[in-house]
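Chemist: Each chain is listed here by its residues.
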Amino acid sequence: MRVRVCRHSATMRKIILIPLGLFVVLLVFLAIGLKRDPREIPSPLVNRPAPAFSLQTLQSGQGLFSPDSMRGKVWMLNVWATWCAACQQEHPVLVAFAREGLVPLVGLSYKEVQASDEPAGKPMNPEDKLAMARQRSLTWLRVKGDPYSLVAMDLDGRVGIDYGVYGVPETYVIDKNGVIRYKQIGAVTPALLEEKIRPLIQELNRS
Amino acid sequence: MIVELGHYALILALMVAVLQGVLPLIGASTRNWHWQSLARPAAIIQFVLVSLAYAALTYAFQENDFSVRYVAENSNTRLPTMYRFAAVWGGHEGSLLLWVEILAVWTVSVAIFSRQMPLAMVARVISVLGLISTGFLLFVLATSNPFERLFPVPLEGKDLNPLLQDPGLVIHPPMLYMGYVGFSVAFAFAIAALLAGRLDVAWARWSRPWTLVAWAFLTFGIGLGSWWAYTELGWGGWWFWDPVENASLMPWLVGTALIHSLMVTEKRGSFKAWTVLLAISAFSLSLLGTFLVRSGVLNSVHAFATDPTRGVFILIFLALVVGCSLTLFAWRAGSVSLGTKMIWISRESVLLSNSVLLVVATAAVLLGTLYPLVIDALNMGKLSVGPPYFNTVFVPLMVPVLFLMVLGVRARWRESTLQEWLHPLRRIGVASLLGGGVVALYFGWSWGVAAGMALGIWVILGTLEPAVERLRKPGKIPLSFFGMHCAHLGIAVMVIGVTLSKGYEVEKDVRIAAGDTVTLGDYSFELQRVTEVTGPNYVAKRAEVLVKRNGDTVANLFPEKRRYVSTAMPMTEAAIDTNLWRDLYVSLGEPLNNPAQEWSMRFYLKPFLLWIWLGVLMMVFGGLLAVTDKRYRRAVESRLAGAGVPA
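Protein chains in written order, with the numbering used here: chain X, 1242 to 1448; chain C, 104 to 750.
These aren't lab readings, by the way, just hints derived from the structure by calculation. A couple of the hints might just be wrong.
[As the list claims (entries may be wrong)] Below, in silico cross-link-like pairs of lysine to any residue (SDA-like), each with a Cα-Cα straight-line distance of 25 Å or less:
#1 X/K1370 x C/P694
#2 C/K261 x X/G1408
#3 C/K651 x C/T675
[To be verified] Label pairs and their calculated CB-CB ranges:
#4 X/A1272 x C/L720: 38 to 44 Å
#5 X/T1430 x C/H137: 37 to 43 Å
#6 C/T412 x X/E1436: 30 to 36 Å
#7 X/G1398 x C/P639: 26 to 32 Å
Where a beta carbon is used, it is the ideal one built from N, C-alpha and C, also for glycine.
Modelling step: build the complete structure from the supplied sequences, incorporating the hints.
Modeler: Here's what the structure looks like:
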């Protein structure tokens, strides 16, 4: 019982156009998707007050730094470490930007001394750790230039947790009332500086 | 010097690819015999040139030539030799070169093993492959040149991504690419048949072995990737529904539908348009996978360096390849006869249902993978779709697939009666329900386990019974007969592995000090000490864990936390003790205090996990067995319609 079906009907012609149609829709979305950056993550901290902390600074004898002391100023907080490769890339951009003196740039040295730096089986006490971190960071800044008005030392990474640090480097713009207005995950690029950060700072400075 | 030669060889290969893509195609449509016969030599010359380029890059890695940017970025002097071979495909540029090389391997195989096919068909197929190769070579040379020099020359390179420094991962990309790229052959056959306007039985018979081999490689590649994720990522999971995993699963699902649909077209002359569409889709999804990985539109653990120009290039290429082939399909497939009328109770109807289910599952995976992208494109926010979506959608779709698998094997072509079809299955059905229930009761009741086990047993019994029946009959049985049975049993073994390991895994995430003991099921794990060890290019903390069961020592496990010197990247090396019935899995976390007296550690007891990999191996083996069928090597006249059905 074999019945041969040879329907070259209009419906058949329409049906076989469906895959092409679906593909065109998919293509449009892929094209739009190309322009987006999946790493651009909106931070829940934006438009919230910057978490408070109080930390030792890079220069000994300066006392403790806390964000409260920046009230009334627009400022930037840059999370970095000497072991971070992207920071090296970002560094000249920051140095050039800091030279303009538009806003104070505060560094947050994040977990500078890693567990692997400690001699095997002999953990370092916090004082030694701080000394090691200071020495390494200072050498680094002397060689590569120092964009920071001061650097706070977050040795155990607790402040990093409060700020929701994903990875190093990260940069925050904080306004006169101590509210975070912008967060950049990953290195600051010249394009980003011109297109987003500078206009934002100028606007914040005016208000 | 050698590096420049490699670069020139690649440029020459592009020129040959253009010739290979254009001339034989024109020759085939104008019946110019001379131009058609250019196809084979062009394929061979292109293979030689691409291989030269590939060898040159390999040489640069072996010689630590850090004046080559790609080498400097992916290798260093301390990298062990084996990984210096693997480092060739450790980054974006080299993995594309590997892609082109594998495409050349497939093309040259088609050129060599196609003696039984008419020249016009061979010319068209090799031409289509040449066009694909042209696109990829242009992509490599224009946006991702692995031979780019670097000045000043660094003294030391960076390092191969530590994630990739694992024996499993050394062969994972080549195997996966063999599968991905292998579908280009099925695609080329489909396009050639559409161009020739001859979607006949012979076309299906020619393309089926190629598709089977590609499918077997893809299966193996995915299995390796999954095994690697299990041993290397330290999370104890083996499938994460990561966009890139999905990108490899989608062509696999469609490819699975394709090998079955090709069989129907070959044996019965039906489903032609559907089969062609599947062939186009399988390769299109491979290309889409490449786009997703290489363009960085989706965030994934696999995402390499992202570069918008690369994304735009692949998007245009994707649009051209898939757009043209679907247009050709819409233009030509309408005039293809639908073949014979299908009767509801027949093998072909079951196979059609299953291939539709597989395509629906693919669509569901595609939707979940691209959903974040679509939502972002519509400015509706950023989100990610997690495993819960995929598990809820995917698993219910696989249940009828597994159920129908047995019915498909049992049913006859053309027409079965309900009586002769279902009668022998009653016993198997009852046995599998009972079996599933008993297993679930024995290990601790859960509906999921009972259902999973019942399905697994159903497939095993339903596959074995007809095989045993055939073995009882006299006459020599070709090996290929067991291909399908082996692959289907592999599926069942894997289903059982997944069901039991998911159903009864025990996991403990603990804070532990040397001398402490953790108990999981019958097993006790004692952390004896944590020591410092030094590898060739890393330093590691290594824990020593003594595992006992009822007082007898079962295993000594040594999980490590490595830190690779050049990248300062921490890596987890889980320690696993495997046997057929259970995996003991330990991974070492971070030290929790200073001095490090306590550590965070994870312990897993995963029953029947090995069965997942066994199942994968059986599928691969089954696929390869099926290729050995003699009928694929016999010369076939393209008009010789196997089932006596006019095309």
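Chemist: If a hint holds in the structure, say so; if it does not, say that too.
Modeler: Here is what the structure says about each hint:
1. X/K1370 x C/P694: holds, 17 Å
2. C/K261 x X/G1408: Satisfied, since the Cα-Cα distance of roughly 20 Å is no more than 25 Å.
3. C/K651 x C/T675: holds, 23 Å
4. X/A1272 x C/L720: 38 to 44 Å: holds, 40 Å
5. X/T1430 x C/H137: 37 to 43 Å: violated, 56 Å
6. C/T412 x X/E1436: 30 to 36 Å: violated, 19 Å
7. X/G1398 x C/P639: 26 to 32 Å: holds, 30 Å
When each numbered hint is compared with the structure, violations occur for hints 5, 6.
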